[in-house]
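Trainee: So you can see what is in the structure, the chains are spelled out below.
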Amino acid sequence: MAKNNWSKFLFLLMLSFVLILAACSGNEGTSTEGNTSTEEGGGKEADEGTKLENGGMYSIEDFNNVKTNNGEAIEGGNITFGLVSDTVFEGTLNWNFYSGDPDAQILNWFDEGLLTWDENYVYTNDGAATYEVSEDGRTFTFKIGDNVNWHDGKPVTAEDWQFAHEVIGHPDYDGPRYNSDFTNIEGMEDYHSGKADTISGIEVIDEKTLSITYIESTPSLLTGSIWSYPLAKHIFGEMAVADISSSPEVREKPIGFGPFKVESIVPGESVTLVKNEDYWRGEPKLDGVTVKVISSSTVVQELKTGGVDLISDFPVDQFPDNAEMSNVEYLGAVDRAYTYIGFKLGTWDAENNRVSPNPDAKMGDVALRQAMWHAVDNKTVGERFYNGLRWNATTLIPPSHPEFHDENNKGREFDPEAAKKLLDDAGYEDTDGDGFRETPEGEPLEINFISMTGGDIAEPLARYYVQAWETIGLKVNLEMLEFNTFYDRVGNGGKDDPKVDVYQAAWGVGIDVDPSGLYGADALYNFARWENEENERLLKEGRSEKAFDLAYRQEIYNEWQQLMVDEVPVFPTLYRATLSPVNNRVLNFAIGDGTGVYLNELAVSEESPIKAE
Amino acid sequence: MWKLIVRRTFLTIPQIIILSVLVFILAQAMPGDALTGLIDPSIDPATIEAMRERLGLNNPWYVQYIDWIKGVAQGDFGQSFRFKMPVSELIGGRIINTLWLSLATLVLTYLIAIPLGITSGRFNDTWLDRAITGYTYVGFAAPLFIFALVMLFIFGFQLSWFPTSGSVAPGTEPGTFAYFMSKLYHLLLPALSMALITTVSTVQYLRSEIIDTKQKDFIVTARAKGASESRVYNRHVLRNSLLPIAAFFGYEITGLIGGTIFIENIFGYPGMGELFLSSISLRDYSVMTALVLLFGLAAIIGALLSDIILSLVDPRIRIK
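Heads up: the protein sequence lines correspond to chains A and B, in order.
If you count the first sequence from 1, position 586 lands on 586 in UniProt numbering, and the numbers rise without skipping.
If you count the second sequence from 1, position 63 lands on 63 in UniProt numbering, and the numbers rise without skipping.
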């Protein structure tokens, strides 16, 4: 009998182990599947571990951003575009209202801005509208092409463009677009607060001509600060502004003037588009495009089997294992983003809406910050963790902006000896013999470092930094946090957690190079809470009228990059590559900006996608 | 009978209220909100703050709860921040997919379980039985999401017998026969993957129930009366063994809804489970709380259903 009980007990014990195991694996499932692909969330980080195979090293310089054309284009044809996302698209299919990247990926196929830009992100006169700037640089006159028509045949007019501004500036507007680009328009604030019925700075001259007067003239206007997406007034004009974003005209039968027209939408999973024969650049070569959502865990299989021809976003960590895929060509470009490490130097003053630096901050000593930069070897990090597809960053303007990225500025190179010397000279010495340095006042120094979870690389990477700082004698405590918690504590809502000293995060940068939204004294996203007179001066100069002169602007931003290398309120760690595999049958395709390749020229050389051997 | 149903229904009301409060407090305790993800230098922080104020996210939780419950009482679950459409409409669009998937899974589960369970119970301790129980142990051990990934890889990608994502082929006209067939085709693989795993417990129940029943006195009596072996099994053993299975039906439904969360994510099948996970990670509170409430409701109703079926088939356990 006793034996029987014992075996029962053993059985129960085993059963409970099984349950615990099942519970654990269940959790794992949710966390990997539930990742969103927000830039800052690091959701794109590796799923498979990192392995450094012999010669498994890549460089962005080996990739082209324009597809090589093999074979002759056939008449018509259809392609499938894989929208890589672990969450479905929201379906707010209008440039004036969308907020998620998946929606933007769909919008690109059937609607576009009236202005196009070149590889330096400066507006050109090749787009659906052309522009002229007045003498004082404040008034822009736009002329929309005569052959630019909405999908329903009605012309795109100046009133549509004005209407887009009126909707975004309306107090009931529920999208995220209203920002300083709009408040910089004359009369916008009066309109927004209800004091005026119209925006005084926007004037419709004739059916196809519009002029907009801005309060301040800045070179940023030419690089993305003009709102160039019209809103069809003949469709939305009668609707209440608050109802537009949920209306069927946005969600079910969206309209645009791009190369393709939306034929049908299966909410959250796919969109079928057919060519717009009346497209202003000329009739598209393809008959149609199907956009379907695919999960990041099945991307490679979909590509190999020809399930998709193009995809929106390739998980770069899967590249080394699939570099030899025979049916695709990989296009590559430098991502407009960088990873960085920031130092908390103050708090946010919510009343005055500006940073409030704390002169006694733990990280307040510039030598300490400089030493921490010298201590980390980001070249090796890029090679070991990312097979060279991320690489050592030198300044806070990434090479995706070739005009302004200062190639001669080497940042602070990996040099632990220099780091130790900096600390010694500044008085950070190990006085109690525990192997870690104390502050110049003899207090123990413990630095709290936070970093985001997401992917398999996140934690080893953060641990590497802790170790690197340990070798120069700094005691750093690491805490890994989930995306939302991380930004809560860094101070996304203006309530900074005083226990955070150092943090690792990433920024995607806009097409305009002006960094004042991230490092100005009045920027909430200046998470370092750093203020510096010279910095304010340079940021202001970079936006001034004088900066319309390219050479002058370059000089200003070179100075700014050097200032950030000297002061180190934050330091960049890695630049990144984006890769885009394209099926071999696809012709006339390019990624990146200002390539002069447009979607109406997209064609295929075979009826169906080529499969991998 | 009716007394029992009414009494059990009354019991569920406080359960649902407690559930809704719990859900709400837990959602509030999560760091970040729907607007935290909008960290983008081109979006003005003041705009975000204004949106937060308009959505009432700055109010204390009980104010938000009362606002919310007022709406829920009128069938209004609020507005999804992310999708910018009413939550009820959003869930309405998804619930159909999940219902179809659950239904297909349920049918497949019983289609697999009943023959296997009967065979295994009737011929217990033969090689056939060992093979079947062997399969059930593997089924118990295999995590659903791994198994589903393997199925997707083999039948979706390697053999390309089934579509690999979505619930319907792009561009199919709703309402046509082709649309219906396409829907069916798309849910076959996910339903089969899930059924193959969830069926194992039912197989085991049925097996042990049959082994138990076939040694009962009334079976011996039936045999003594000269009933043929097939009549003994089909009329006497099976009927008596199916009772607990029938009673289990309600719980099965609850389990299925939980299971579809993984399956829908793996197969890119836009149902409620997929919506649930993405609304958690993006902090779309209104959707999330509505869904938890719905899942909770399904669990409570499932238990209620089980109790009712049980009392129907087994009068001994009716509550007095």
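Calculated directly from the structure, the hints in this document are not laboratory data.
Every residue gets a Cβ at the ideal spot worked out from N, C-alpha and C, and that includes glycine.
The reader is advised that the hints may include incorrect statements.
As the list claims (entries may be wrong) - The calculated label-pair distances, taken between Cβ atoms and stated as ranges, are:
| no. | chain 1 | residue 1 | chain 2 | residue 2 | range |
| --- | --- | --- | --- | --- | --- |
| 1 | A | R537 | B | M30 | 40 to 46 Å |
| 2 | A | S59 | B | A46 | 39 to 45 Å |
| 3 | B | F177 | A | S193 | 52 to 58 Å |
| 4 | A | E252 | B | A29 | 50 to 56 Å |
| 5 | B | A29 | A | D456 | 25 to 31 Å |
| 6 | A | D415 | B | Y137 | 24 to 30 Å |
| 7 | A | G76 | B | I96 | 31 to 37 Å |
| 8 | B | M30 | A | I215 | 57 to 63 Å |
| 9 | B | I96 | A | I74 | 28 to 34 Å |
| 10 | B | A29 | A | N358 | 42 to 48 Å |
| 11 | B | Q215 | A | K611 | 54 to 60 Å |
| 12 | B | P174 | A | K540 | 25 to 31 Å |
Trainee: Give a verdict on every hint.
Mentor: A quick look at each hint next to the structure:
At about 42 Å, the beta-carbon gap between R537 of chain A and M30 of chain B stays in the expected band of 40 to 46 Å. Between S59 of chain A and A46 of chain B, the C-beta spacing of about 42 Å keeps the proposed range 39 to 45 Å intact. Between F177 of chain B and S193 of chain A the Cβ separation comes to about 56 Å, which falls inside the hinted range of 52 to 58 Å. Judged by the Cβ atoms, the range 50 to 56 Å given for E252 of chain A and A29 of chain B is violated: they are separated by roughly 37 Å.
A hinted range of 25 to 31 Å for the beta carbons of A29 of chain B and D456 of chain A is consistent with their spacing of about 28 Å. Checked against the given bound of 24 to 30 Å, the beta carbons of D415 of chain A and Y137 of chain B, roughly 59 Å apart, lie outside it. Range check, G76 of chain A to I96 of chain B: Cβ separation about 35 Å, and the 31 to 37 Å hint holds. Take M30 of chain B and I215 of chain A: their Cβ atoms lie about 41 Å apart, and the range 57 to 63 Å is violated.
Checked against the hint of 28 to 34 Å, the C-beta distance between I96 of chain B and I74 of chain A comes to roughly 39 Å, which is inconsistent with it. Here the CB-CB span from A29 of chain B to N358 of chain A is close to 30 Å, at odds with the stated 42 to 48 Å. For the pair Q215 of chain B and K611 of chain A, the supplied restraint of 54 to 60 Å holds, since their beta-carbon distance comes to about 58 Å. Evaluation of the 25 to 31 Å hint for P174 of chain B and K540 of chain A yields a failure: the beta carbon distance comes to about 57 Å.
Going down the numbered hints, you'll see the structure goes against 4, 6, 8, 9, 10, 12, while the others check out.
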